[in-house]
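Engineer: Residue numbers (UniProt numbering), protein chains in the order written: chain A, 1 to 682; chain B, 1 to 682.
Hints are supplied without guarantee of correctness; some may be wrong.
Intra- or inter-copy, both count: the list cannot distinguish identical chains.
Dumping the calculated DSS-like pairs for lysine-lysine here, alpha-carbon to alpha-carbon at most 27 Å [stated by the list, open to error]:
| id | residue 1 | residue 2 |
| --- | --- | --- |
| 1 | K401 | K172 |
| 2 | K518 | K585 |
| 3 | K259 | K155 |
| 4 | K290 | K249 |
| 5 | K529 | K401 |
| 6 | K283 | K582 |
| 7 | K313 | K249 |
| 8 | K495 | K155 |
| 9 | K274 | K249 |
| 10 | K375 | K172 |
| 11 | K153 | K313 |
| 12 | K132 | K561 |
| 13 | K518 | K441 |
| 14 | K149 | K609 |
| 15 | K313 | K150 |
| 16 | K149 | K313 |
| 17 | K401 | K249 |
By construction, these hints were calculated from the structure, which means they are not laboratory data.
One-letter residues, chain by chain:
Number of protein chains: 2
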Amino acid sequence: MRPSTSTSGAALRAAHGAAKCRLLVCPHAASSPWACSTLNARPKLPSLRRGRPSTAVTSHRFYSDKPLPQANSRILGFCYGAAAWVGISITVVGVGIFGFFLYDASTYKEHATRTDIDVSQLALQPRRGGPKNLPIAEVFIDEDECEEKKRIKHKPRLVVLGGGWGGVALLKELNAEDYHITVISPTNYFLFTPMLPSATVGTLELRSLVEPIRRIISRVHGHFIRARAEDIEFSDKLVEVSQLDHQGKEVRFYVPYDKLVIAVGSVTNPHGVKGLENAFFLKDIDDARKIRNRVIHNLELACLPTTPDDERKRLLSFVVCGGGPTGVEFAAELYDLLNEDLTRHFPRLLRNEISVHLIQSRSHILNTYDETVSKYAEDRFSRDQVEVLTNSRVKEVRPDKIIFTQKQEDGKLTTKELPVGFCLWSTGVSQTAFCQRLAKKLASFQTNRHALETDTHLRLNGTPLGDVYAIGDCSTVQNNVADHIITFLRTLAWKRGQNPETLHLHFSDWRQVAMDVKKRFPQAVNHLKRLDKLFAEFDKDQSGTLDFGELRELLNQIDSKLTSLPATAQRAHQQGNYLAHKFNKMARLSDGLSANDIRDGDLDAAVYKAFEYHHLGSLAYIGNSAVFDLGDGWSLAGGLWAVYAWRSVYFAQSVSFRTRSLMAMDWAKRGVFGRDTDLMSF
Amino acid sequence: MRPSTSTSGAALRAAHGAAKCRLLVCPHAASSPWACSTLNARPKLPSLRRGRPSTAVTSHRFYSDKPLPQANSRILGFCYGAAAWVGISITVVGVGIFGFFLYDASTYKEHATRTDIDVSQLALQPRRGGPKNLPIAEVFIDEDECEEKKRIKHKPRLVVLGGGWGGVALLKELNAEDYHITVISPTNYFLFTPMLPSATVGTLELRSLVEPIRRIISRVHGHFIRARAEDIEFSDKLVEVSQLDHQGKEVRFYVPYDKLVIAVGSVTNPHGVKGLENAFFLKDIDDARKIRNRVIHNLELACLPTTPDDERKRLLSFVVCGGGPTGVEFAAELYDLLNEDLTRHFPRLLRNEISVHLIQSRSHILNTYDETVSKYAEDRFSRDQVEVLTNSRVKEVRPDKIIFTQKQEDGKLTTKELPVGFCLWSTGVSQTAFCQRLAKKLASFQTNRHALETDTHLRLNGTPLGDVYAIGDCSTVQNNVADHIITFLRTLAWKRGQNPETLHLHFSDWRQVAMDVKKRFPQAVNHLKRLDKLFAEFDKDQSGTLDFGELRELLNQIDSKLTSLPATAQRAHQQGNYLAHKFNKMARLSDGLSANDIRDGDLDAAVYKAFEYHHLGSLAYIGNSAVFDLGDGWSLAGGLWAVYAWRSVYFAQSVSFRTRSLMAMDWAKRGVFGRDTDLMSF
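Isolated chain A, as found in the complex (with noise of 0.2 Å):
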């Protein structure tokens, strides 16, 4: 592009103008740069004096020196301004998608690359062994392909069980080249679970909350398995995995491991409730799909002719049971779509006919939060005519209706009835049948229902020390302090020389034995803090001494107050993070531990501090509106600022730099062209 003579007077005018201080805009750019270097490479062009510019100016120049019309150069100006911003962004958008393409154009790869790759016979023909006699996979197929890989081939091998928060957590913050890697998963991809309720109603593609594990693992040139785990062979320090080959016939072989971390989450828990097939879940993708299209396919079946009044209301009857957050951002989400997107095309009846109900069987809604936190959603939901339904209980969910049980104020039970078109189930979390297992084989460490117990240092109790970990949902952390006291006592007994029952400590005493506690037990520090309060108080012969029952009814008081962790992507990611950092660490320390033989014994607690939890908050969306539960009683509710924030949150805990831009695109989306309420169909 060249520019016109026209053009260039503008713009030296315009220039002219600026000096004058009258209007400071761009107005030349409204040419493109290709004029600016034109200009610039046109060294005949007459340069103005210096101080005083000749009034005289021939015709074939281009710059004038008469004053402008003075009525008419703001309005001139203006213009010159306005068409100069155009230009520009036109300039910069056109350069950038320029840009773009050039870039495009060289993600295209013209020759296929099949060279030549070295691979281990054992890997194709693995041998059998372990106790069942299985295929042991020592050696994978891609293990020589390339130097980073074979250079990792005969480091220690860490297993991962799962790829969920706790597992992608870990392999985000190892080190590449400390530990041969393999993720063991039966899905491939890393879900980010808290935006699945915006998944279901297609506020977000379901693409842009997936990660390839393959992606995440690819910077520690890690192995991965699409199979599931079965069991552990402990012993043997071998996981027995399942999948399904191509007949759908199970497959099992071994995997060996020096370290296996167990991070393979939860399922949902059925509370022995009846009917639970006539409902859906909301843990994976399959299950968002599955809900997208149930949702939609009510909708289609309430708008055809020969539907009947009372079944069309029943169809769009949607019952969430359980109002914990999950629950509570799918009622805001499924509210959301039908009030912003539903009635744009389809018959406005059903808006009218469309009834959104909450179960919860306590006496309120998001009760892990703060009191201020769950009025408000309540608040919020009975404006949207979203229906809470608290103190009650689902007995059985039917194909048309549900039946539950409430306590009435004079704390009497009713039954009552909901006639559905769609129910989702989400209320809380229990083990999977591998952890049920696992905690079979441990039965005389495991004693937890629900969870497989670790230490502080999640080590999966039971196991030898350093071999097997626990994090995430699948694992809760064994917080019995008062059991470890013989552990806290011994050092101080030996000192003495006496029998650490007979001990009698004095106040220096306490205070060791309290620091003792405190780095075994960080969740403890908190209940910690008086040290001088807790000694008076428990010093109930006022000896000024404790002895070993005074201290052991202590330790029993600061065990009962220790919650148990909550089970929630946040505790998963942290503790997935304190793994790597500690086997980070061991690694670095290996040389020095092995020189001087040091193989055994509590190396993670001499390496490594105790897991210790914190609470960065919770927040949950409900409806063009979203909470924030801070923790310590700080908690923040709003609208769409409060949204914003929500999203902010969300997309900066986004795992990678793609999902971040997916989800950014997809809000623009939803903006631009509303939610996709008529995709799927059966």
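Starting from the structure of chain A, add chain B where the hints point.
Structural biologist: What follows is chain B alone, placed relative to chain A:
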């Protein structure tokens, strides 16, 4: 943002520099548009005296007339320029983002809109009737919900069966408020079929290829019923449709029509091959999803340590049956996926063991295209290691292998086998069960086994004129010129008072007949160019006239040259457009026609020309290159530029701004993040 002193100073200095024609970029824009307006609003700034700027500038003034240091000015200028452009870009993008957020915030609806709506009792409880005494959907539940819909309540009822290329082209061109429109389709979206192969491998998202039909018909205030057309009662003007209710029980009802357009498309042609349950098809969204899942499933199975080597090779053997555009494009997209994305994250061994095969029954792939195009595609594939097996007919598809016969050069048939992990069947189309039922019902008028026959006005043969039309893949235009010989001769014979069969046509008569033929059979125009030559050729007895027999022979020869229209999106689109324009014109003329009491007879021919197909060319993507067959021997083939051109064509043809934006985003995503190799799983 207020301008700092230094910024303004720099701006003025630079403006002065601009006046010297040294640098003509926008340096001050490194601040922001607000900066400009603030400067504008500062009247007390000392303006430069015209003509003779003061050389002594007091210290508080921003402007200095001192000559800029000559040595630095270029570099300085460049820096200013660069900074300015960065600033401009940031500002433009920033303003854009801010604006978008403002807009986005406006798209959230705060309060529920639940207004009272009139609903006819007949809509809630339709009366029963028709030959089968089914409910008749005469009134819909949204008929009275707004003014626009009330206005068209009593307009002629136009019912469209199917929401594919033909139906949607019709809907997009129809004038609003001329007809009471109802669309009946088993899927509630329009699918952009030419891009379906791209969606199978994740180059495009499925969502980007579909447009909800409700969005399309909202312009014409139409109604949509998600149901399947089962039968038509031509004499009662009722369509019988079926849908499953929530219990999976079939519900049937009638939809009355004044005009009916059948655009139900076609199904894949099984060609009587055994074992097609082991093959995949590519007709709709669900097919694409299944294919994507299967491809990824096979890749995952191939990674398992227990998969033997020959089994891995079988899993990675992808076979495409059918060398038409769909088959070729799928093979190309598959190859792209394997070549560009697979090797990034999957073991490289997979890439080495993958094979793609294309089985084609003819001697060339893309055999409906120009020969140079076929040749180019074959060369391209052979370079890309896609094996093309021509002259091959599939006999049977088994779960693990394909059996086919190949004609050797000596004409002998050899039976061969190919191990197969995935088989796509894309070998042409055949009639749906619904169309077969209609053809049987109208057996004396419908003789074509492959499609419903229409006249050149697209009216279904055998139905009352102007009642029922058929367009797209399900239909074929009957080009039986010779059969209409009596029609052509009738006027002439009547004028002369002769029997048509004893007429002798002079050249001028022949010219008149030819004009009639052209009008009624526009497709014949190409074969009626040299009327004199034809006359001379068929005037066998050199009598200077054509008798009835000679004319019939002439018309028969033209018939033999007329090929049936291709079953393509292009044809369906043109037919839909044609009908829309005709219907619009009919509606415009309807007042005049009814005033003159013209209700029956050949109204279509009276108001509008016959349908003429214009071939605009065919195109196909063949793996980082594309081919264009523009008809009449013109063809193009090339690399990346052709790919971009290919995309541009479909981008332009795409059904809405929404799908266009989504497609553009998807292409950008592919460039930045690669394809979604890992998303799906079983």
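Engineer: Against each hint, give a clear statement of whether it holds in the structure.
Structural biologist: Evaluated hints:
For the identical chains of this complex, K401 and K172 are neighbours neither inside a copy (45 Å) nor across copies (42 Å), given an alpha-carbon limit of 27 Å. Taking the closest pair of Cα atoms, K518 and K585 come within 27 Å of each other only inside a single copy of the chain (22 Å); across copies the shortest separation is 87 Å, beyond that limit. In this assembly of identical chains, K259 and K155 lie within 27 Å of each other by CA distance solely inside one copy; the values are 11 Å within and 75 Å between copies. Taking the closest pair of Cα atoms, K290 and K249 come within 27 Å of each other both inside a single copy (26 Å) and across two copies (20 Å).
When the C-alpha separation of K529 and K401 is checked against a cutoff of 27 Å, the pair qualifies neither within a copy, at 53 Å, nor between copies, at 72 Å. In the homo-oligomer, the alpha carbons of K283 and K582 never lie at most 27 Å apart, since the shortest distance is 30 Å inside one protomer and 52 Å across protomers. When the C-alpha separation of K313 and K249 is checked against a cutoff of 27 Å, the pair qualifies only between copies, where the shortest distance is 19 Å, while the shortest distance within a copy is 45 Å. Taking CA atoms no more than 27 Å apart as the test, K495 paired with K155 passes in neither setting, with 41 Å inside one copy and 102 Å between copies.
For the homomeric pair K274 and K249, the shortest alpha-carbon distance between copies (24 Å) is at most 27 Å, but the shortest distance inside one copy (31 Å) is not. Neither within a single protomer nor between protomers do K375 and K172 lie at most 27 Å apart by alpha-carbon distance, with minima of 38 Å and 49 Å respectively. In this assembly of identical chains, K153 and K313 lie within 27 Å of each other by CA distance solely across copies; the values are 25 Å between and 62 Å within a copy. For a Cα distance limit of 27 Å, the shortest separation of K132 from K561 qualifies neither inside one copy, at 45 Å, nor across copies, at 73 Å.
For the identical chains of this complex, K518 and K441 are neighbours neither inside a copy (31 Å) nor across copies (87 Å), given an alpha-carbon limit of 27 Å. Taking CA atoms no more than 27 Å apart as the test, K149 paired with K609 passes in neither setting, with 31 Å inside one copy and 71 Å between copies. Taking identical chains as interchangeable, the C-alpha atoms of K313 and K150 lie at most 27 Å apart only when they sit on different chains, with a minimum of 24 Å there against 63 Å within one chain. Proximity of K149 and K313 under a CA criterion of 27 Å is satisfied inter-copy only: 23 Å between copies versus 60 Å inside one chain copy.
Taking the closest pair of Cα atoms, K401 and K249 come within 27 Å of each other only across two copies (18 Å); inside a single copy the shortest separation is 38 Å, beyond that limit.
In terms of the numbered hints stated before, the structure departs from hints 1, 5, 6, 8, 10, 12, 13, 14, listed from lowest to highest.
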